[in-house]
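Read off the chains here:
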Amino acid sequence: MNEPSSVAASGPPARQQTPAVRRDPLAIVVRFQSVIGLVLVIIGGIVFSPVRHGQLLFLSPDNIANIIRAISETGIIALGMTFVIITGGIDLSVGAMLGLNSVLTAMLMTNSSLGLLPTLVVVLVAGTAFGTLQGLIAIRFRLEPFIVTLAGLQMARGLALVLSGNVYINISYGEGPGLAPPIFALLGDRLFHNVVPVATLVFLALAIVATVVLNTTRFGRYVFAVGGNERAARLSGIPVGWVKVAVFAITGFAAASAGIVHAGQFSFGSANDGAGYELTAIASVVIGGTSLFGGAGSMIGTIAGSIMLGALANILQLNNVNASLQLLATGAIIVLAAALQTMVGRRDGAR
Amino acid sequence: MTKAPLLEMRGIEKRFGGVLALRGVDFDLSAGEVHALLGENGAGKSTLMNILAGVITPDHGEVRVDGAAVRFSSPRDAQANGIATIFQELDLVPGLDITANLFLGHERMRPFGQLDNLTMQREARERMAAAGVDIEVRRLVGDLSIGQRQLVAIAKALSYATKLLVMDEPTAALSATEAERLFGVVRAMRERGTAIVYISHRLEEVPRVADRVTVMRDGRIVGERPATAPQGELVRLLVGRPFDELFPPRARTLGPELLALDHARFVPASPRAGWQAPIDVSLRVHAGEIVGLAGVMGAGRTELLMSLYGAGLRGRWEGGLAVAGRPAKLASIAAARRAGLALVTDDRRGSGLVLRHSVARNIVMSVLRRLSPSGFLSPKAEEEATRRSIANFDIRPPRGDLPVGNLSGGNQQKVVFAKELLQEPKLLLLDEPTRGVDVGAKGEIYARLRALTQQGLGVLVASSELPELVGLCDRIIVMRQGCSVAEFPGGVDERILLESATGIAGEAA
Chain A
1 MNEPSSVAAS GPPARQQTPA VRRDPLAIVV RFQSVIGLVL VIIGGIVFSP VRHGQLLFLS
61 PDNIANIIRA ISETGIIALG MTFVIITGGI DLSVGAMLGL NSVLTAMLMT NSSLGLLPTL
121 VVVLVAGTAF GTLQGLIAIR FRLEPFIVTL AGLQMARGLA LVLSGNVYIN ISYGEGPGLA
181 PPIFALLGDR LFHNVVPVAT LVFLALAIVA TVVLNTTRFG RYVFAVGGNE RAARLSGIPV
241 GWVKVAVFAI TGFAAASAGI VHAGQFSFGS ANDGAGYELT AIASVVIGGT SLFGGAGSMI
301 GTIAGSIMLG ALANILQLNN VNASLQLLAT GAIIVLAAAL QTMVGRRDGA R
Chain B
1 MTKAPLLEMR GIEKRFGGVL ALRGVDFDLS AGEVHALLGE NGAGKSTLMN ILAGVITPDH
61 GEVRVDGAAV RFSSPRDAQA NGIATIFQEL DLVPGLDITA NLFLGHERMR PFGQLDNLTM
121 QREARERMAA AGVDIEVRRL VGDLSIGQRQ LVAIAKALSY ATKLLVMDEP TAALSATEAE
181 RLFGVVRAMR ERGTAIVYIS HRLEEVPRVA DRVTVMRDGR IVGERPATAP QGELVRLLVG
241 RPFDELFPPR ARTLGPELLA LDHARFVPAS PRAGWQAPID VSLRVHAGEI VGLAGVMGAG
301 RTELLMSLYG AGLRGRWEGG LAVAGRPAKL ASIAAARRAG LALVTDDRRG SGLVLRHSVA
361 RNIVMSVLRR LSPSGFLSPK AEEEATRRSI ANFDIRPPRG DLPVGNLSGG NQQKVVFAKE
421 LLQEPKLLLL DEPTRGVDVG AKGEIYARLR ALTQQGLGVL VASSELPELV GLCDRIIVMR
481 QGCSVAEFPG GVDERILLES ATGIAGEAA
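Same order as they appear, the protein sequences are chains A and B. FYI, in the working numbering the residues of the first sequence are 1 to 351. FYI, in the working numbering the residues of the second sequence are 1 to 509.
Because the hints were derived from the structure by calculation, they are not lab data. Just to be clear, a hint being listed does not mean it is correct.
Restraint-style ranges between C-beta atoms, simulated for each label pair [to be verified]: (1) B:Pro111 - A:Pro239: 34 to 42 Å; (2) A:Pro239 - B:Arg272: 23 to 31 Å; (3) B:Ala269 - A:Ala338: 35 to 43 Å.
Each residue gets a CB set at the ideal place from its N, CA and C atoms; glycine is no exception.
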C-alpha cells in the first residue's frame, strides 16, 4: 500500500488499510492440515512399508481395503460429530450408542424376526430419537452437552447390557424365524474384485450427504453461525435451540448407522463394543481442522482426518509397533493439530 | 507553568506487514498533565499506546521516561515504571469478584500461603472509593454491567499507575453521570501529579478533562492544540470536514404509527437483580422519525429495547403495546421479527457479529430464509445482497471475504447495520449504535439512517452520548428507573436532558 502523499483534508481518508490481504501461510497449512497429514502418512506408509513377494505391503489391495474398512465405523460417527463440534458442543455418547444399536439390530432381526427394512428403520429412528432427547435435555435445562452426553453414554451402555443380558447376540442368516436375511451379511463383504468393503461404501455415501448438508444448505450455515456466536445468531433470528437439537439428532443417526454397519460386519450385536469410538471420532474431527470452540471446521477435513488416523495405525501395525506406541503417536498428532490451529487462531483473533 | 516532560516519544515508527501504522510520531507528556489523544480508528493511537504499555515494540524511535531512554518488552516492564493502561478490551475475569480482580497477580497472603481476603476486601473498598465508585467489592464482575466493569478496570489500573495512566475510551460505556464522576477522578489524579493520556471519540469531553490535545491521522500527528480549541477545528483535523455536517437534517413528514406503548410494563417470569424491567413506559414511534431514549445507566433503556425485541428475560408485556396499530405481544425474537422489528445491540463483538466469519456471511445471516427458500444456499443471491450492502454502507475495505473481526470498529458496526437492514424492518431498535465508532463512520451511519427513515423506516435509539441524541433525533424520551418520565424535541439543550435523566430538575427527591 502506497503512502498517501499528503494528509490534506480531501474527503474521508482510507481508514482501514486492508490488513487481512496477507495470506498467512500457516493458515493455509492448518486449513488443509488433515489432507497434508494424510499425504505425509501415506508417504510414510510407502517408505516404511514391509516388502513381501517384491510388493509393498502397505499398497496391496488387501491392506488398503483393511484400512478403509477399519475406519468406516468411527468415520461415520465422526461425520455426525463434526456438526456437533462446529456448534461448540460435544457428544460423548456415540460409542455406547454404537454398541446399543448393534444389539438392537441383532435382536430385531433374530429374536423379533423383523425384516431387514423394518429393522433398519426402527434402529435409525431409535438412534435419532436418543440423540434428539439428549439435545432437548441440554437446551431445556441449559446443561453442558458434555454432561448430558456423558450421562447418555452410561445410559446407552446400561440399556444395551440389559437388553442383551450381557451376551453376544449372534446373527445367523437364512430363511425362517430367528434368522436374518442373508443380504444383511453383505455389510461384511467386499465388492469390485473383492477390494472395496461395503462398510466403506456406506461411510462414503454418508460422507457425501454430510458434506453437502454442511456446505450447501441453510441448516449448515446455521450450524456455523450458532457455534461462531450463539447470541448473535439468536438475535439474528436463527432458531438456535432447534439447530442445537438437530445436531444431536444427526449424531444419534450417525451412531445408529455405525451400529448397523458394526452388526453387519461382525454378524453379532455386542453391548460393550464401540467403547472409546467417541474419542477416535473427536480426534478425527480435530485433526480435520474443526475448532473445538465452534464456528469453524470442515467435513472434508474430518474425512481426511479419519483416513489418516486409520492409515497411521495400519503402518504401525505392519511394522509390528505395539499398541501402546500407537496410542502415543495418535496423541502426539492430536496435540500437533490443535496447537497449529491455536497458533493461527491467535494471529487472527488478536485484536 | 512549564514542567519537565515525564514522557518523551521521538520518531516512533511501527510497521505491521505491509502497513506502516506509525510514521515517525513525536509525543510528550508532563507530570500532572492530561493529554488528550484523538484520531479515528486506524489512525495509530492504539499502536502508539501499545508501545507505551510494552505490548509491542517500535521498529524505530525512542521512548524516554524522566529523561532516561527505556525499552519496554512487556506490560510488566511498563508497570514497573509506573505506567498503566486501561484497554478498551477489559481485562477482567468475570468469574471472580471485584476484590480478586483488583488483586489479580498481586494477592495479599497470610502466613502458610492462604489468601488474606479480609485485608484485600478492605483495601479493595479503599481503591474503589478512590476511583469514585460505589459497588460492593464481593460482587462477581460477571454480574456487573459493562459500565460498572469499566469503573472496576479503572480502579484496578489506578493502583499501578504511579506516574502515568493511559485511558483508552474510558467513557465509551458510561452514562453521563458516571462519566462526570470519572472526570472528577481524573482531575484528582492530575492534582496528585499523575500524567494521563486520554483517548476518546467524544470531542466534547476534551475541554472538560484535558489540558492539551493531539490529533492523529494515518499514523502521523496532524496537529496539537490547547484543549480549549473549538470542536469544529478538532473535527476538521480528524476527518477534514466540519462538525455540523455530521448530523443530517431532521424529518419533515411522519408516516403511520409503528410502535405505541401506553403505560406498558414488562413482567419477567423471574426478575433478575440489576435488570431494570420496563415498569411504566409510554412512547410512540412513527414511520419516518428517529426517537431517542435518554437516561442514566440502569434506567432500563437496554432492557426496554431487548424486551421489545423478545430477547430480554422470559416474561410478558402488560398494558398497552401495539405495533403498526395492532396489539402485539412480542413474546419471542421470532414474533418481534415477524412484526417488522430489528435490533442493533450495544455489543457488536459479543452479540452482533460472528467475528471470525466473513463480512458476507455476517451480512446475510439474518435473511438466509429469504435468500435460500429451498433450504439450499444460493451463492448468487448472497453475493448480490452482500455487494449491495457493502455499497450502501460504504463498508471498507469493500470485500465480502474478509473476516469481519479484521475490520475497524466503525466498519464492523456498518456490517451490523447492513445485516439488520437487509431484513427490511419497519422499526429499527438501536442500542448505543455508535459506541467505539470513529467520527467519520458515525457521520456515514447517521446519514444512512436518515435516508432510510425518509423511505418509511422508524427508529428507536438508546444512547449515552447526549450530543448524538440531540443532533440525530426528532424526539427524545427520557427514562428513569424503568419509567418514561419526560419527552423533549430534538435539538434540546443537553443540560436539560441531563437534569431530567438524573432527576435533579424533576420530582423532588
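Hint-by-hint comparison with the structure:
1. In this structure the hint that B:Pro111 and A:Pro239 lie 34 to 42 Å apart at CB is violated, the actual value being about 57 Å.
2. Separated by about 24 Å at the C-beta atoms, A:Pro239 and B:Arg272 satisfy the suggested range of 23 to 31 Å.
3. Checked against the hint of 35 to 43 Å, the C-beta distance between B:Ala269 and A:Ala338 comes to roughly 41 Å, which is consistent with it.
Hint 1 alone, counting from the list given before, is not met by this structure.
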